[in-house]
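Number of protein chains: 2
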Amino acid sequence: MAKQPVLTPQADDFPRWYQDVVAKAEMADNGPVRGTMVIRPYGYSIWEQMQAEVDRRIKRAGAKNAYFPLFIPEQYLKREAEHVEGFSPELAVVTVAGGKELEEPVVVRPTSETVIGEFMAKWTQSYRDLPLLLNQWANVVRWELRPRVFLRTSEFLWQEGHTAHVDEADARAYAVRILHEVYESFMRDVLAIPVVVGRKTAKERFAGATNTMTTEAMMGDGKALQMGTSHELGQNFAKAFDIQYLDAEGTQQHAWTTSWGVSTRMVGGLIMCHGDDSGLRIPPVLAPVQVVVMAVRDDDAVIDRCRALADELTDAGVRVELDVRVETSMGRRATDWELKGVPVRLELGPRDLAENVVTLVRRIGGGKEPVSLDGIAATVGSALDAAQAALLAEATERRDSRTVDVTTIAEAAAAAATGWARIPWADLGVEGEAELAKESVTVRCLVMPDGSLPDGDAADGALAIVARSY
Amino acid sequence: MAKQPVLTPQADDFPRWYQDVVAKAEMADNGPVRGTMVIRPYGYSIWEQMQAEVDRRIKRAGAKNAYFPLFIPEQYLKREAEHVEGFSPELAVVTVAGGKELEEPVVVRPTSETVIGEFMAKWTQSYRDLPLLLNQWANVVRWELRPRVFLRTSEFLWQEGHTAHVDEADARAYAVRILHEVYESFMRDVLAIPVVVGRKTAKERFAGATNTMTTEAMMGDGKALQMGTSHELGQNFAKAFDIQYLDAEGTQQHAWTTSWGVSTRMVGGLIMCHGDDSGLRIPPVLAPVQVVVMAVRDDDAVIDRCRALADELTDAGVRVELDVRVETSMGRRATDWELKGVPVRLELGPRDLAENVVTLVRRIGGGKEPVSLDGIAATVGSALDAAQAALLAEATERRDSRTVDVTTIAEAAAAAATGWARIPWADLGVEGEAELAKESVTVRCLVMPDGSLPDGDAADGALAIVARSY
Chain A
205 MAKQPVLTPQ ADDFPRWYQD VVAKAEMADN GPVRGTMVIR PYGYSIWEQM QAEVDRRIKR
265 AGAKNAYFPL FIPEQYLKRE AEHVEGFSPE LAVVTVAGGK ELEEPVVVRP TSETVIGEFM
325 AKWTQSYRDL PLLLNQWANV VRWELRPRVF LRTSEFLWQE GHTAHVDEAD ARAYAVRILH
385 EVYESFMRDV LAIPVVVGRK TAKERFAGAT NTMTTEAMMG DGKALQMGTS HELGQNFAKA
445 FDIQYLDAEG TQQHAWTTSW GVSTRMVGGL IMCHGDDSGL RIPPVLAPVQ VVVMAVRDDD
505 AVIDRCRALA DELTDAGVRV ELDVRVETSM GRRATDWELK GVPVRLELGP RDLAENVVTL
565 VRRIGGGKEP VSLDGIAATV GSALDAAQAA LLAEATERRD SRTVDVTTIA EAAAAAATGW
625 ARIPWADLGV EGEAELAKES VTVRCLVMPD GSLPDGDAAD GALAIVARSY
Chain B
205 MAKQPVLTPQ ADDFPRWYQD VVAKAEMADN GPVRGTMVIR PYGYSIWEQM QAEVDRRIKR
265 AGAKNAYFPL FIPEQYLKRE AEHVEGFSPE LAVVTVAGGK ELEEPVVVRP TSETVIGEFM
325 AKWTQSYRDL PLLLNQWANV VRWELRPRVF LRTSEFLWQE GHTAHVDEAD ARAYAVRILH
385 EVYESFMRDV LAIPVVVGRK TAKERFAGAT NTMTTEAMMG DGKALQMGTS HELGQNFAKA
445 FDIQYLDAEG TQQHAWTTSW GVSTRMVGGL IMCHGDDSGL RIPPVLAPVQ VVVMAVRDDD
505 AVIDRCRALA DELTDAGVRV ELDVRVETSM GRRATDWELK GVPVRLELGP RDLAENVVTL
565 VRRIGGGKEP VSLDGIAATV GSALDAAQAA LLAEATERRD SRTVDVTTIA EAAAAAATGW
625 ARIPWADLGV EGEAELAKES VTVRCLVMPD GSLPDGDAAD GALAIVARSY
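Protein sequence lines, in the order shown, are assigned to chains A and B.
Under my numbering, the residue at position 327 of the first sequence is numbered 531, and the numbers go up by one with no gaps.
Under my numbering, the residue at position 73 of the second sequence is numbered 277, and the numbers go up by one with no gaps.
Same shape as in the complex, but just chain A (with noise of 0.2 angstroms):
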């Protein structure tokens, strides 16, 4: 019996696979207000997974979570010019509350370097009080035209880290080390995404940032994803916000900040850098269940047996979730699991429990064998070990084949059509960049041939990594 695919194939539309997934694998749904999402909790057990993740690496990083209002006065983001240019267009704006008209609209943060800024300047005396190492996970809003569920809307979740430092080296430095020691070790060891790391060219920076770092992905249809930043600030904000501390000279200093955040977008970068025709394919690391234990027919002891193994791999450390819906036909139930992209299945019948096996089913590399009973937390630790490392593979493969070194715009243009190009950014410049840009091609960023962040916007050697993008 063919199988009536659950999902519109990738190959077919791959925007269309993606909003199936989303709704089938119960991940989130549209808002009743233009551009909201709800998210379920499957797709917010993911998000919780995440976010354990990354606030474990910012911890270790120095960063101390704190929580600022969701309401700023207008008059902060005016303060600095290039912010509230950037911001403006996509701001909400509480005109009216306890029932009267505000004297002063509010705006509904859409980050938080204003606020913040306000209350550094407040905690900062002298340089013994920074760094200042600040990070908060919170919702902000931004007014989306053209809402995609995770992507891009209007209500997001995210973590905004804000630090203030004595000097710009060590601003600097704090930035990078966000970069790579939470973002991209975090993307790359939990998510399995093997991110680019690069600078953002002048035209894609953060609206009041003096240098924006990012970290791209490729999806599976071979755009990019912008999935985290790291900005310096310079010292734009300290003078906006008068962020100033008495050097160990007695001479008044203002600060040098940075900002850096990643958000639920990177659960639709999750959906589509892994995600096939069956579903989703969620990295073990990640997975707020690894294993699902099934029992297959309504039978006492199988089911016994079922709860007996379902602790065994919990002892062992193992995320696990037991699914003896019995009434329900296998069939209905495995499709399930390889929706919600469940890395292991163990499927267990009565001839299983006779012979002492259970059925190892792989959703990341696939097959399916008869594994025995005796061990099992280790041969599925293995299995979830090998499933962890075949993503990982599998993602960089498909980045670095799909990834051609090009020297013209024609070029670049006809590249970014089914993958990303590198070119020289001295063969394309700021105004190669804008012809691109009237394709839909943007640059991602620049990186420098050995990988590393270049340290200007005219680094000597400097490649452009130029894609179409979500």
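In short, the hints are calculated from the structure, not lab data.
Treat the hints loosely; a few may be bogus.
It does not matter which identical chain is meant; a pair holds if it fits inside one copy or across any two.
[Said to hold, decoys possible] Taking lysine-lysine and the DSSO-like style, the derived pairs with C-alpha atoms no more than 30 angstroms apart in a straight line are:
| # | residue 1 | residue 2 |
| --- | --- | --- |
| 1 | Lys-304 | Lys-268 |
| 2 | Lys-407 | Lys-304 |
| 3 | Lys-443 | Lys-268 |
| 4 | Lys-282 | Lys-304 |
| 5 | Lys-263 | Lys-228 |
| 6 | Lys-407 | Lys-282 |
| 7 | Lys-304 | Lys-228 |
| 8 | Lys-228 | Lys-407 |
| 9 | Lys-282 | Lys-572 |
| 10 | Lys-228 | Lys-268 |
| 11 | Lys-228 | Lys-443 |
| 12 | Lys-443 | Lys-642 |
| 13 | Lys-642 | Lys-304 |
| 14 | Lys-268 | Lys-642 |
| 15 | Lys-228 | Lys-326 |
| 16 | Lys-263 | Lys-443 |
| 17 | Lys-263 | Lys-326 |
| 18 | Lys-228 | Lys-427 |
| 19 | Lys-304 | Lys-572 |
Fit chain B to the supplied structure of chain A, relying on the hints for placement.
Coordinates of chain B only, in the frame set by chain A:
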């Protein structure tokens, strides 16, 4: 040398003491928009501990986390008459977004029964989909005219649980389960706050509920604070949002829903229940920092031993902070840790090191004694256990000794000047309740003489707990 008080003494001015301790323990600041707050890193670390403990209990009760939008169409709120009437005066309304006047204004969620109701209706087809047990951690906005940090803020952080059930009995059982297994247990066993669990009168009920149950705590000044509530919503929201299911007999039925929440207000309750004239006192089970290891002198051997001691305690599962700020006086450092309410200080100097001891200082219960460095983890563990028990005992003793039994309204009002009064509901009634309200005394809840929950607004023998409140 007489110690200069760092805080306004509680006996002089309790509200002023509260403001002082919030500021000096670096818990929070007022935000720039009226009624909002900035939760500083130390305050936020306490909230994170609360979240972790409550979240674990919620998950154990079977509810799953999800996330619903901040913005709710104005018309959603209007669908449930009491609900809109209750919340209208407190709403913040977005009328402009993306540079344009919105056709339909959207409200910033004051609570999410309405938008979650809309999605429960989509996700519920048959009785097999029920119970549907959801929770979200989010910020909400209720415009406050008389804001007070943590206790009453225009924006606050909370969890809101929302569930749908096949019948009234199941809904009630779950709302009661959350009240006891999540809230009461967390407050007693983690916060060391012996809450009274009761039923709200009709006057104090949540807007749209058929029954509101509450956990009420006595603060250090004898006033009451509502710490958390759990509501039966009957079929009010199910009818307004069409949450229907097909029952086992094939008939369409409306579901029965509940909602329940606790918020950052609990941080205020923690401060006011346990704080003293030296600052906060954080129960060890909750404390983000349970023990601070302090080097008394700038001496390499001392500092090395402090580091080793901190590592040893960390390995034993204790949450430790190392304080080697030897350039600052011990007095100032000790005062800081007292303000922050860290349960145990371990002070190590050269003489201690020579004698293989460390000075253990108890924030709770008091006392300062040399203890052997051998077996220090066990010694510290006992001190923390004793502190946890002592805080609960002290708060219980205060609650019980300052609650008096009365039979007249005049006596109840008089008792509420310094504590709580307990009066038979039959002697008070709706009219007595209205009378007390004129003197800012409210019925905090109704309880049965044996401490159980009354099963209706006029349960035979029910007692009313009346008090002034925050």
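Hints, one by one, checked against the model:
Taking the shortest Cα distances, Lys-304 and Lys-268 never come within 30 angstroms of each other, neither inside one copy (37 angstroms) nor across copies (37 angstroms). Within a single copy, Lys-407 and Lys-304 get their C-alpha atoms only as close as 41 angstroms, which misses the 30 angstroms cut-off; across copies the closest is 26 angstroms, which meets it. Taking CA atoms no more than 30 angstroms apart as the test, Lys-443 paired with Lys-268 passes inside one copy only; the shortest distance there is 24 angstroms, against 45 angstroms between copies. Both within a single protomer and between protomers do Lys-282 and Lys-304 lie at most 30 angstroms apart by alpha-carbon distance, with minima of 24 angstroms and 19 angstroms respectively.
Taking the shortest Cα distances, Lys-263 and Lys-228 sit within 30 angstroms of each other only across copies (24 angstroms), while inside one copy they are farther apart (35 angstroms). Proximity of Lys-407 to Lys-282 under the C-alpha cut-off of 30 angstroms is restricted to the intra-copy arrangement: shortest distance 21 angstroms within a copy versus 46 angstroms between copies. Taking CA atoms no more than 30 angstroms apart as the test, Lys-304 paired with Lys-228 passes in neither setting, with 43 angstroms inside one copy and 34 angstroms between copies. For the identical chains of this complex, Lys-228 and Lys-407 are neighbours neither inside a copy (38 angstroms) nor across copies (44 angstroms), given an alpha-carbon limit of 30 angstroms.
For the identical chains of this complex, Lys-282 and Lys-572 are neighbours neither inside a copy (60 angstroms) nor across copies (54 angstroms), given an alpha-carbon limit of 30 angstroms. Taking the closest pair of Cα atoms, Lys-228 and Lys-268 come within 30 angstroms of each other only across two copies (18 angstroms); inside a single copy the shortest separation is 37 angstroms, beyond that limit. In this homomeric assembly, Lys-228 and Lys-443 come within 30 angstroms of each other (Cα to Cα) only across copies, at 27 angstroms, whereas the closest approach inside a single copy is 49 angstroms. Taking the shortest alpha-carbon separations for Lys-443 and Lys-642, neither the intra-copy value of 36 angstroms nor the inter-copy value of 52 angstroms comes in at or below 30 angstroms.
Taking the shortest alpha-carbon separations for Lys-642 and Lys-304, only the inter-copy value of 27 angstroms comes in at or below 30 angstroms, while the best intra-copy value is 46 angstroms. For the identical chains of this complex, Lys-268 and Lys-642 are neighbours neither inside a copy (42 angstroms) nor across copies (45 angstroms), given an alpha-carbon limit of 30 angstroms. With identical chains, the CA atoms of Lys-228 and Lys-326 are at most 30 angstroms apart between copies only, with a shortest distance of 14 angstroms across copies and 49 angstroms within one. In this assembly of identical chains, Lys-263 and Lys-443 lie within 30 angstroms of each other by CA distance solely inside one copy; the values are 28 angstroms within and 46 angstroms between copies.
Taking the shortest Cα distances, Lys-263 and Lys-326 sit within 30 angstroms of each other inside one copy (23 angstroms), while across copies they are farther apart (39 angstroms). Proximity of Lys-228 to Lys-427 under the C-alpha cut-off of 30 angstroms is restricted to the intra-copy arrangement: shortest distance 23 angstroms within a copy versus 51 angstroms between copies. Taking the shortest alpha-carbon separations for Lys-304 and Lys-572, neither the intra-copy value of 65 angstroms nor the inter-copy value of 56 angstroms comes in at or below 30 angstroms.
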